[in-house]
Amino acid sequence: MPAAQPLPVRPLAAVAALAMLLAAAPAPEPWGGVAEAVAARSVAIKIANFEFNPGVTSVTAGTAVTWTNNDDDAHSVVADDRSFRSNPLDTGDSYTFTFATPGTYAYHCGLHPQMVGKIVVTR
Amino acid sequence: MTRRDETAQADPSRRAVMKCMSWAGAGVLWTIDGGVASSVLATGADAAPRAGSLDFVQISDTHIGFDKAANPDVQGTLRGAIAKIKALPAQPAFAIHTGDITHLSRADEFDTADQMLKDLNLPIFHTPGEHDTLDEGNGKVFLERYGQGTWGTGWRSFDAAGVHFLGLVNTVGLNKDGRGRLGPEQIAWIEKDVAHLSSSTPLVVYAHMPLFDAYVPWGWGTVDAPAAFAPLRRFGSVTVLNGHIHQVITKTEGNITFHTARSTAYPQATAGTPGAGPGPLKVPADQLRGVLGIRDIARPHRRGPLVVVDQTLV
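Those protein sequence lines, which keep their order, are chains A and B.
The first sequence begins at 1 in the working numbering and counts up by one.
The second sequence begins at 1001 in the working numbering and counts up by one.
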C-alpha cells in the first residue's frame, strides 16, 4: 500500500527552495518546487469494485486526503462520527478532506455502508 | 407523530370503473392465493375486470442522471417503460415507484423524472431508494417532493379496492452491513396501522430494498424485516414488492410472497456471481431492454388472488 506511507514533509526546505527559485532569473515554472512540497502532504484513496483502497491510510496531521470514485456506481465518503461527509461521488468525481487533528477516523460509504475505511492521523 | 398534510389525496380506485377491456398479460402470471404462488400462462380468457377490481403498476430504479456504459440513455428506456404501461390492455388505477428515482438526488434529476412520469397520467406513490436521500438533509428533498400524507421518513398506508397498502422506507439509516433498516418507530407504526384490519384483508407491502435476505454480502436485505412482518403473519395474503436489485426474484415464506422488480435503467449481476459486485452491469446493447422492465399487479376478481405480471421493455 504505497499511498499509506506519508512522504516526508519539510516545510522549511520547501520555503528555502521557493526563495532560491524566486531569487533566480525568471524561470518558466517558478512554482514547481512548491507544488512538489504540497504533493507530499496529500494522499490519494481509490474507490473501486465497492472498496476503499487502501482501506487503512496513515498520514501526518495537515495531510489532504483525496478519494476518487472509479466505479460506475455512485459512492460517498462519510465519517462514522460525521466529522466529514462528501456529496455523492459519480464516476470520476473526487472529494478532499484535510486532517488537521491527530486521531483515528473510521469512515464508510453512505450508499453502501459495508464499504469501510480508516484514516490514522499522527503528528 | 403527526402525518404530513395531504392536500391533493389521490383516489387510487377512481379509474377502476373505467376499465372495460379484458385483462391479459404477455408472459407468466404469478397468482397469489393464501400466500401460495403458482404460475400459469396468461391468456385473454383469464380475467375480465369487474367493478371494484384492482389494477396498478410498479416501476423501479429509474436512476435518472445515470449515463455510464451500462445504459447511457436512461431517459430513453424510461420512455420505453412508460409506453409499455400505456399500452397495457387495461389502464392501471395508479403507480408505485419503489425508489432510486434519481441517481444522485439532484434537483434537476428529480425534475426530469417527475416531468417524464407525468406522461403516465396516473397518481404515483413514491418510496425513496438510497440514491434519493443523498442530500444534506438525508432525504429532506425527497420528503418535500413526495412526502404529503406520509409519516416519519416517508412511510404511508392506503386502501384500494379492498386491498390495504403499506409503503415502507428502509433506505434512511442503513444497517452497517449495507442492508436496509426500517427502525423501531416505523415498525411500531406498522403494528398500529394493521391492528384494526380483518385477517382476510389482502396486504400489499412495498419498499425499495428487499424485505427478505436476497444476498447479505451485497447488502440485499432489510435487517429488521422479521420484526416488521410479525404483526402481518396473521393475514391470509401478503404480497411484498421491492426494487433495488434490478432483477426479478420471487420467494414465498408462508403467507408472504416477495417479488423483486426489474429496473428501467440498467441490470445488476445475479446475486453472488463470482467476481461481480452489486454495481451496474453492462450487457450487449441489443439485450438491454430484455433485462429492464415494469410490473403490473391486478386483482381481477374481488376476493380473488392478486396476479403479478412482469414485462420486459422488449
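Keep in mind the hints are simulated off the structure, nothing from the lab.
Every residue gets a Cβ at the ideal spot worked out from N, C-alpha and C, and that includes glycine.
Mixed in with the good hints there might be a few duds.
To be verified - Stretch-level coverage of chain A by chain B, calculated; a stretch enters the list once three of its residues show a Cβ under 8 Å from a Cβ in chain B:
1. 70 to 77
2. 94 to 104
3. 107 to 115
To be verified - Straight line, CA to CA, 25 Å or less: simulated DSS-like cross-link-like pairs of lysine-lysine:
4. B/Lys1068 x B/Lys1282
5. A/Lys46 x B/Lys1282
6. A/Lys46 x B/Lys1251
7. B/Lys1118 x A/Lys46
Said to hold, decoys possible - DEER-style ranges, computed between Cβ atoms:
8. A/Lys118 x B/Asn1138: 20 to 26 Å
9. A/Ala44 x B/Lys1140: 31 to 37 Å
10. B/Lys1192 x A/Thr66: 31 to 37 Å
11. A/Gly103 x B/Ala1107: 34 to 40 Å
12. B/Gly1137 x A/Ala44: 27 to 33 Å
13. A/Gly62 x B/Ala1069: 57 to 63 Å
14. A/Ala79 x B/Gly1272: 48 to 54 Å
15. A/Gly92 x B/Ala1230: 25 to 31 Å
16. B/Asp1177 x A/Ala79: 58 to 64 Å
17. B/Arg1302 x A/Gly55: 24 to 30 Å
Hints and how they fare:
Using a Cβ-Cβ cut-off of 8 Å, 5 residues of the region 70 to 77 of chain A lie near chain B, which meets the minimum of three, so the contact claim holds. For a cut-off of 8 Å, the count of residues in the region 94 to 104 of chain A with a CB near a CB of chain B stands at 0, and the three-residue condition is violated. With a cut-off of 8 Å between beta carbons, the region 107 to 115 of chain A has 7 residues touching chain B; three or more are needed, and the interface restraint holds. Among the hinted pairs, lysine 1068 of chain B with lysine 1282 of chain B is consistent with the structure: their alpha-carbon atoms are about 9 Å apart, no more than 25 Å.
Simply put, lysine 46 of chain A and lysine 1282 of chain B have alpha-carbon atoms about 22 Å apart, close enough for the 25 Å limit, and the pair holds. Simply put, lysine 46 of chain A and lysine 1251 of chain B have alpha-carbon atoms about 37 Å apart, too far for the 25 Å limit, and the pair is violated. A C-alpha spacing of about 40 Å is found between lysine 1118 of chain B and lysine 46 of chain A, which places the hinted pair above 25 Å, so the restraint is violated. Between lysine 118 of chain A and asparagine 1138 of chain B the beta carbon distance is about 23 Å. The supplied range of 20 to 26 Å therefore holds.
Checked against the given bound of 31 to 37 Å, the beta carbons of alanine 44 of chain A and lysine 1140 of chain B, roughly 32 Å apart, stay inside it. For the hinted restraint 31 to 37 Å between lysine 1192 of chain B and threonine 66 of chain A, the CB-CB distance of approximately 48 Å leaves it violated. Here the CB-CB span from glycine 103 of chain A to alanine 1107 of chain B is close to 36 Å, well matched to the stated 34 to 40 Å. With their beta carbons about 30 Å apart, glycine 1137 of chain B and alanine 44 of chain A fall inside the hinted range of 27 to 33 Å.
Distance hint check: the CB atoms of glycine 62 of chain A and alanine 1069 of chain B are about 39 Å apart, inconsistent with the given range 57 to 63 Å. Judged by the Cβ atoms, the range 48 to 54 Å given for alanine 79 of chain A and glycine 1272 of chain B is violated: they are separated by roughly 31 Å. The supplied range of 25 to 31 Å is broken by glycine 92 of chain A and alanine 1230 of chain B, whose beta-carbon atoms lie about 45 Å from each other. Under the hint 58 to 64 Å, the C-beta atoms of aspartate 1177 of chain B and alanine 79 of chain A, about 19 Å apart, miss the expected range.
Checked against the hint of 24 to 30 Å, the C-beta distance between arginine 1302 of chain B and glycine 55 of chain A comes to roughly 56 Å, which is inconsistent with it.
Figure legend: structure checked against the earlier numbered hints; hints not met, in rising order: 2, 6, 7, 10, 13, 14, 15, 16 and 17.
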